[in-house]
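All residue numbers for the sequence shown refer to the UniProt record's numbering, where the first residue is 1 and numbers rise by one.
Keep in mind the hints are simulated off the structure, nothing from the lab.
Don't take each hint at face value.
[Stated by the list, open to error] With a straight-line Cα cutoff of 27 Å, these simulated DSS-like cross-link-like pairs (lysine-lysine) come out:
#1 K185 with K129
#2 K57 with K129
#3 K100 with K129
#4 K57 with K100
#5 K100 with K12
#6 K262 with K57
#7 K100 with K185
#8 K14 with K57
[Claimed, not checked] The calculated label-pair distances, taken between Cβ atoms and stated as ranges, are:
#9 R226 with Y50: 36 to 46 Å
#10 K185 with I20: 28 to 38 Å
#11 P240 with P289: 24 to 34 Å
#12 T337 with H251: 18 to 28 Å
#13 A17 with E211: 32 to 42 Å
#14 P25 with A73: 19 to 29 Å
#15 R336 with S200: 19 to 29 Å
Keep in mind the model is a prediction, meaning the values are calculated, not measured.
Even for Gly, the Cβ is constructed at its ideal location relative to N, Cα and C.
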Amino acid sequence: VRRYRKKWGFFKAKGQAHTIDTIGPHIEVVHERFPTQGVRATKAVLRQEYELHVSTKLVARYNRIFEPAAVAARRRHAYTRTVYITIAVGETWGADQHDKWLRFELFLHVCVDVYSGKVLWLKIWWTNKNPRLIASYFLDTVQHHGFMPRLTQSDRGSENHGLANAETELRHIMRPALGDTLQHKWRAKNRNIKPEIFWSLLRHGWTPGFEQTLQYGLTVGLYVPRILWERSLFHFLFVPWLQRELDAFAHRVNHERRRPDKHVTRPRDEPEFIFNNPERYGSNNLHLPVTEEAIDEVRNLYAPPQHPVFQLVEPSYGRLLTDCYEEIGSPEMNLRTCWDVY
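My request is simple: use the sequences and hints to build the entire structure.
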């Protein structure tokens, strides 16, 4: 294998032989986007986005030399251990909303398979309070995979009624013997642990750089959320860009090994691999098959596509914004250009 890797130019960390100087410019770009990201997450970004294979020790040494304050800040974190029991892949999907960007009129929603930790969806939109929208996230994911979980779970919020109803209706269609039983678990505060763990990862590893950039627009008065046309323009430009960034973050989380932990009995491999191959890790796949006809029936009931919640902006205004954006050359949105484009 080593000979073929060398022949084809597929070098790992030792073969690429990077140094502090060669990885420095790339880490600067990564830390501009994710200023509080740790060593393992930085290493994953370098590998997945820049095809740089770098050892953990080299990234840690760079951080100690050039960012000692950030290293000290991460070491001060204190963690509280909580127990969560789940038996297999597909037993439960856990969903949760995230409202920390309310001041920007941006709202997030996530769902994870609680056994493997795989992120099933990570969405940003101008609301996360509409049950039809949340039901559509669930149905899109079920349709993509071709199966559904045994149960779903979420906090007790009216926005999650669409998720609960969609899961329950699908289960009843596929197995009428379930009768009127609810196929959703309502979790009390701080009991929907897996999505809450993910939000902690997001807040510490992804959010700070983007939040600082968004806050700049508010602070200098470029963006006033209470003005409707400004809010619509902001959503038109920023939501698709931030969704792409969130998709990339979810992909990294799904393809990154977890840190070994003697207190955790489930496998620590990449969530994507555990999710797709549970039998290799001594688990079972409890997902249930579902038909396209059943999905369409439930979608018409709980997430009708014609509902206005699925429109990013008002259609006629959206066409005007599209014409204007194309007229200026459809420039790329990123941390450095976003407010100039706006």
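Structure-based check of each hint:
About 19 Å separates the Cα atoms of K185 and K129, which keeps this hinted pair within 27 Å; it holds. Between K57 and K129 the CA atoms are separated by roughly 44 Å; this puts the pair beyond 27 Å, and the hint is violated. Restraint check for K100 and K129: the C-alpha separation of about 14 Å stays at or below 27 Å, so the hint holds. Note on K57 and K100: the hinted pairing is violated, with a Cα-Cα distance of about 34 Å set against a maximum of 27 Å.
With a C-alpha separation of about 39 Å, the suggested pairing of K100 with K12 is violated against the 27 Å cut-off. At roughly 22 Å between alpha-carbon atoms, K262 and K57 fall within 27 Å of each other, so this suggested pair holds. Distance restraint check for K100 and K185: the Cα-Cα separation of roughly 24 Å lies within the 27 Å cut-off, and the hinted pair is therefore satisfied. At most 27 Å may separate the alpha-carbon atoms for a hinted pair to count; K14 and K57 meet this at roughly 12 Å.
For R226 and Y50, the hinted distance range of 36 to 46 Å is satisfied, since their beta carbons lie about 40 Å from each other. In this structure, K185 and I20 break the distance hint of 28 to 38 Å, their C-beta atoms being roughly 49 Å apart. For P240 and P289, the Cβ-Cβ distance of about 33 Å falls inside the hinted range of 24 to 34 Å, so the restraint holds. For T337 paired with H251, a C-beta distance near 23 Å keeps the hint of 18 to 28 Å intact.
Taking 32 to 42 Å as the suggested C-beta distance range, the pair A17 and E211 conforms, at roughly 36 Å. Remark: the range hint 19 to 29 Å for P25 to A73 is upheld by a beta-carbon distance near 23 Å. Range check, R336 to S200: about 28 Å between beta-carbon atoms, so the 19 to 29 Å window is met.
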